[in-house]
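Here the protein sequences come in this chain order: A and B. Residues in the first sequence are numbered consecutively from 1, following the numbering used here. Residues in the second sequence are numbered consecutively from 1001, following the numbering used here.
No lab work stands behind these hints, which were simulated from the structure alone. Small disclaimer: the values here were computed from a predicted structure and weren't measured. Think of the CB as a built atom: it goes at the ideal place given N, C-alpha and C, for glycine as much as any other residue. There may be inaccurate statements among the hints.
[What the hints assert, rightly or not] Far from chain A by the CB rule (all over 10 Å, computed), these chain B residues: (1) His-1005; (2) Ala-1036; (3) Thr-1047; (4) Glu-1050; (5) Gly-1080.
[What the hints assert, rightly or not] Simulated restraints on C-beta separations: (6) Glu-1072/B x Gly-308/A: 57 to 65 Å; (7) Gly-1013/B x Thr-297/A: 53 to 61 Å; (8) Gly-1013/B x Thr-136/A: 47 to 55 Å; (9) Arg-1086/B x Asp-280/A: 51 to 59 Å; (10) His-1071/B x Gly-158/A: 38 to 46 Å; (11) Gly-1013/B x Glu-172/A: 20 to 28 Å; (12) His-248/A x Gly-1013/B: 51 to 59 Å; (13) Pro-168/A x Pro-1042/B: 31 to 39 Å; (14) Gln-1055/B x Ala-192/A: 33 to 41 Å; (15) Glu-268/A x Ser-1017/B: 55 to 63 Å; (16) Ile-1095/B x Asn-242/A: 33 to 41 Å; (17) Gly-1085/B x Ser-113/A: 50 to 58 Å.
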Amino acid sequence: MSKVRVLVGTKKGAFILSADGKRDKWEVSGPFFAGWEIYHVKGSAVDPNRLYASQSSGWFGQMIQRSDDGGTTWAPVGNKFAYEGVPGTHQWYDGTAHPWEFKRVWHLEPGLSDADTVYAGVEDAALFKSADGGATWEELAGLRGHGSGPHWQPGAGGMCLHTIILDPSNAERMYIAISAAGAFRTDDGGKAWKPINKGLVSNTIPDPTAEVGHCVHHVAMHKARPDVLYMQKHWDIMRSDNAGDNWHEVSGNLPTDFGFVIDVHAHEPETLYVVPIKSDSEHFVPDGKLRVYRSRTGGNEWEALTKGLPQKDCYVNVLRDAMAVDSLDECGVYFGTSGGQVYASADAGDNWTPIVRDLPAVLSVEVQTLA
Amino acid sequence: MLPQHLRTLAGLGAGVSAEVTLEVGAPVTMRTVLDALEARFPMLRGTIREYGTGQRRAFLRFFACEEDWSHEGMDKELPGAVAEGREPLLIIGAIAGG
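Okay, chain A solo, but in the shape it has when bound:
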């Protein structure tokens, strides 16, 4: 019988939640790396026992941990992230030039054809690649070298490269997103990059339709239709049907189009999930109600999913990497909150139950579907 393994990163350690295909009884293991911030944990699609975790601390800096046995044991691997050449400057919050400084790894994206290949999205924003299982890291410097780097600016959470999407149909194509610079695409394996922000409108920046400067929160893609991208921008849900060359808004009837997460159903490329958040100054769900919104039409028309979720006195947030879907026949959807709950739905969002209620604040959720 199939199994699922949910990988949870929190403010104070990592946890692994395991269940069989019914997804009704869960085993919880952890905390791993207790006391450290775990921004992201993700498994390889090539070798599901190969996991990578980003472990960081304001005291001791950045570590990368690797497991070769599905998370039972871990070992630290390489943690040297050196920008290529003279790093230069980006804009600081006040518009002055600020030197590029490495702070942490936000996102780890294992390669699709080799378990030893893994990409790291870091703050201050850059993309690194390891081809030796995380032992050594090399910057894909063409991204920062695109020319717009001096105009990038941090969002409230820092200037982070938080989204990495590998195109399963084209090994040379990759997408990344940065707060607050925008989305970028490479078509040559990471050597050259172009901003793909046409159609985004951000009224809080000097030029609302600028080529870069948009606070993109997350981007999602369905593997069967790699040219269709969905984006949760700071405000606005956006859609592109041409690999990011143009975007149009699909926020539709959402109660608010601010938020962080966005994800796509495993088998229905037009079924999307978001969790609307009240505003950029009030980072919690509106009206005290935790509601996942689902669109079965690729955006614009949204329905609230509430069964099993608290509908009064709830004021949690759901961060950008804290939602994932499994690939079982009936698609499972998972998300974690700033209040330490991890919710699961085994029926594509119709019904929800908490797997755990009292973890530290959840930073990321990934799921592996195991044979």
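On the provided structure of chain A, position chain B as indicated by the hints.
Leaving out everything else, chain B in the frame of chain A:
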């Protein structure tokens, strides 16, 4: 002496003594001690000193013989009592954060 998180990271276990004994040739300085520590425990590279600058991470402090050595520079010789192993060199994390 190492903070608990670094002992765990080095595989020493949280419950063991915080003290690590190192053989360090002269001169015994913060730099040579940390070089020896990182040679024995490579996973600690980057956790006490920043990559690139080689400087002490901001939320860590060094103490020797009841004196703060955090700002003494990496190449100043440590007290004889530390070099001879009679007194510990303390690496301490700031009491801060949530």
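Each hint tested on the structure:
{"no.": "1", "hint": "His-1005", "in the structure": "violated, 6 Å"}
{"no.": "2", "hint": "Ala-1036", "in the structure": "holds, 19 Å"}
{"no.": "3", "hint": "Thr-1047", "in the structure": "violated, 4 Å"}
{"no.": "4", "hint": "Glu-1050", "in the structure": "violated, 7 Å"}
{"no.": "5", "hint": "Gly-1080", "in the structure": "holds, 29 Å"}
{"no.": "6", "hint": "Glu-1072/B x Gly-308/A: 57 to 65 Å", "in the structure": "holds, 59 Å"}
{"no.": "7", "hint": "Gly-1013/B x Thr-297/A: 53 to 61 Å", "in the structure": "holds, 55 Å"}
{"no.": "8", "hint": "Gly-1013/B x Thr-136/A: 47 to 55 Å", "in the structure": "violated, 28 Å"}
{"no.": "9", "hint": "Arg-1086/B x Asp-280/A: 51 to 59 Å", "in the structure": "holds, 57 Å"}
{"no.": "10", "hint": "His-1071/B x Gly-158/A: 38 to 46 Å", "in the structure": "violated, 28 Å"}
{"no.": "11", "hint": "Gly-1013/B x Glu-172/A: 20 to 28 Å", "in the structure": "violated, 46 Å"}
{"no.": "12", "hint": "His-248/A x Gly-1013/B: 51 to 59 Å", "in the structure": "holds, 56 Å"}
{"no.": "13", "hint": "Pro-168/A x Pro-1042/B: 31 to 39 Å", "in the structure": "holds, 35 Å"}
{"no.": "14", "hint": "Gln-1055/B x Ala-192/A: 33 to 41 Å", "in the structure": "holds, 35 Å"}
{"no.": "15", "hint": "Glu-268/A x Ser-1017/B: 55 to 63 Å", "in the structure": "holds, 57 Å"}
{"no.": "16", "hint": "Ile-1095/B x Asn-242/A: 33 to 41 Å", "in the structure": "violated, 53 Å"}
{"no.": "17", "hint": "Gly-1085/B x Ser-113/A: 50 to 58 Å", "in the structure": "holds, 52 Å"}
The structure does not agree with the numbered hints 1, 3, 4, 8, 10, 11, 16 stated previously, though it agrees with the rest.
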